[in-house]
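Could you build the full structure based on these sequences and the hints that come with them?
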Amino acid sequence: MRVGSISVGRSGDKGGTLDLTLVALDEQGYHWLESRLTEVEAQAAISRVMPGVLRRYPVPGLRALKFVIEDALPGGVYATLHAGLHWQKAAIWVLLDLELD
Amino acid sequence: MEHRVVACGAGFAGDRTEPAVALAASGLVDAVGLECLAERTLVPGLRARRTDGDAGADPRLERRLRPLLPVARANDCRIISNLGAANPLSAGRQIARLASEIGCSGLRVAAVVGDDVIALAKHIEWQEPIVGEMLGAHAYLGADALRDAVDDGAHVIVTGRVADSALFSAEVLPILDDNLDALAGATTIGHLLECSGQLTGGNFEMPNGDSLTAQDFAELGFPLAHVRSDGSADLALLDGAPGRIDILTCTLQLLYEVHDPSAYITPDAILDLTGIRFEEIGPNRVRVSGARARGRPTRLKVSGFVEQPGFVADIEIGYAGTHALQRGRVAADALRMRLDNLPQKDLRIDLVGVDSTLGSASLPSPNRTPEVRVHVSARCSDAQMAQIVEDEVYSLTLSGPAGGGSVRSERRPSLAVVDGFIDRDLVKTETVWERAS
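For the record, the sequence lines run as chains F and V.
The first sequence begins at 151 in our numbering and counts up one residue at a time.
The second sequence begins at 581 in our numbering and counts up one residue at a time.
Since the hints were derived computationally from the structure, they do not count as laboratory data.
Using N, Cα and C, we set each Cβ at its ideal position, and we do this for glycine too.
Just to be clear, a hint being listed does not mean it is correct.
[Said to hold, decoys possible] One side only, chain F facing chain V, incomplete, derived with CB under 10 Å:
| no. | residue |
| --- | --- |
| 1 | V158 |
| 2 | W182 |
| 3 | R186 |
| 4 | E189 |
| 5 | R198 |
| 6 | G202 |
| 7 | L212 |
| 8 | K239 |
[Stated by the list, open to error] Beyond 12 Å from chain V on every Cβ pair, some chain F residues (computed):
| no. | residue |
| --- | --- |
| 9 | H181 |
| 10 | E184 |
| 11 | S185 |
| 12 | T188 |
| 13 | L231 |
| 14 | L250 |
| 15 | D251 |
Next comes the structure, spelled out in structure tokens:
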């Protein structure tokens, strides 16, 4: 199942840290996400695209998972070698487009 | 229970100006906050201030306030903003002059200063070594810095670096219950409001691809909040304003850029957001409660702006027509060969429209790619080196795959933003008053 078929998401950042949020549409979806999109799975997906160590914060009361990746954006947003500025706004699709069993 | 109505009129310096005017004109709003300060706005201000002591406020100040001031004045709606950027004192004078010019006589402007802590540099504990020239150092002030201006009835409060949430929570301070959880609630509401359209359906898409329409985005309403003395609030849009406020948009914005949701550090309080409850109480109307405080930080965060020598050169060349993708790939490979003297870490070459944003995680296109742009960014030690990289891309128009064109390039200065901390007792703020004649 595609993560983005049962959740919505958003990317943010602070300095060199990337900050991702997923919110499941319902309780069942949250439990599926919480059990399948583990810290290890998320780290593996993120590591295909950027450096940094990922930490996951489950927020069951809000049906949300947060993923915080330190040093994912070395030197911060302005030091990026991506085209233009603020590519990280699209980084949530690394997780939304993940297919998990 | 006593309440105040606060609204968001801007979530960044270049935000649309109409929503703030509509919110002020509604007559419902006690204060409209304009969040207008980011590194990209502060740094040019710091540079401008070096040569002209009166410069350094946001250059959009007049465009934003000319339509808003008279409407806000007529509706008894306070304006609270960080449009002062690198020079809040000058911003205060500019606003008073503008108000005089457009007939808002007697308008009282409070400029709140004290965020500029460069003079306290020796007390700042930097989190990494400073390499390059320090342009400025600014502490994130809390809502308490704006309290005097609120209590003394400022029509406009203008400042520099404060926590974004403080631009909204400051208005509520006089009615808040005397406990830290109420302050945590008001700060949370400020955090929900501070990104304008991100609470009302902007930057939001449902799993099935549903989002607002182009017409809605073009006229997207910004949010307002009825904040009660216990720090709970009802979030809403003005009647008839396009947008969407529901539990999903609120949850995404609540958790936006907070890192650890059980300990989001703001100057006013360390917020535990894990017990927040959202309740949809009507169309585009959501009740929020349950914020808790886990103490108040003893140190304030400081952003240091460090200018380093060199540039990032960012260049593109486009290909179109049959075999466009193939020609783009060949062009990218040729550039890799030409630029192989640059360290790998200082060079990025990719294809816009194919893999420039998410790299190998970008989804393959099921269709033939009608156009492609080869993108090169390189960290360059000086202008001459940037020119060489730019010229290599231009060279492809003559000595590369067929039909390369639509070249564009830009150079970005190399700017590092370094975090630091300072003991909050060392940071003294002051409120300086101006009055429109």
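So, going through the hints one by one against the coordinates:
Nearest Cβ of chain V to the Cβ of V158 (chain F): about 6 Å, under the 10 Å cut. The hint holds. For W182 (chain F), the interface hint is violated, the least distance from its beta-carbon to any beta-carbon of chain V being 13 Å, above 10 Å. With a least beta-carbon distance of about 16 Å to chain V, the hint placing R186 (chain F) at the interface is violated under the 10 Å criterion. A cut of 10 Å between beta carbons decides the hint on E189 (chain F): the least distance to chain V is about 14 Å, and the hint is violated.
The beta carbon of R198 (chain F) comes within 5 Å of a beta carbon in chain V, closer than 10 Å, and the hint placing it at the interface holds. Evaluation of the G202 (chain F) hint against chain V yields a violated restraint, the C-beta minimum of about 13 Å exceeding 10 Å. For L212 (chain F), the interface hint holds, the least distance from its beta-carbon to any beta-carbon of chain V being 5 Å, beneath 10 Å. Nearest Cβ of chain V to the Cβ of K239 (chain F): about 8 Å, under the 10 Å cut. The hint holds.
Every C-beta of chain V lies more than 12 Å from that of H181 (chain F), the closest at about 17 Å, which supports listing it as non-interface. In this structure E184 (chain F) is separated from chain V by more than 12 Å, as the shortest Cβ-Cβ distance comes to about 14 Å. Non-interface call for S185 (chain F) relative to chain V: holds, since the shortest CB-CB distance, roughly 19 Å, exceeds 12 Å. At roughly 18 Å from the closest C-beta of chain V, the C-beta of T188 (chain F) stays outside 12 Å, upholding its exclusion from the interface.
Taking the minimum C-beta to C-beta distance to chain V, about 4 Å, the non-interface status of L231 (chain F) is violated against the 12 Å cut. At roughly 14 Å, the least C-beta separation between L250 (chain F) and chain V is larger than 12 Å, which holds for a residue marked as non-interface. No beta-carbon of chain V comes within 12 Å of the beta-carbon of D251 (chain F); the shortest separation is about 18 Å.
Against the hints set out earlier in the document, violations occur for numbers 2, 3, 4, 6 and 13.
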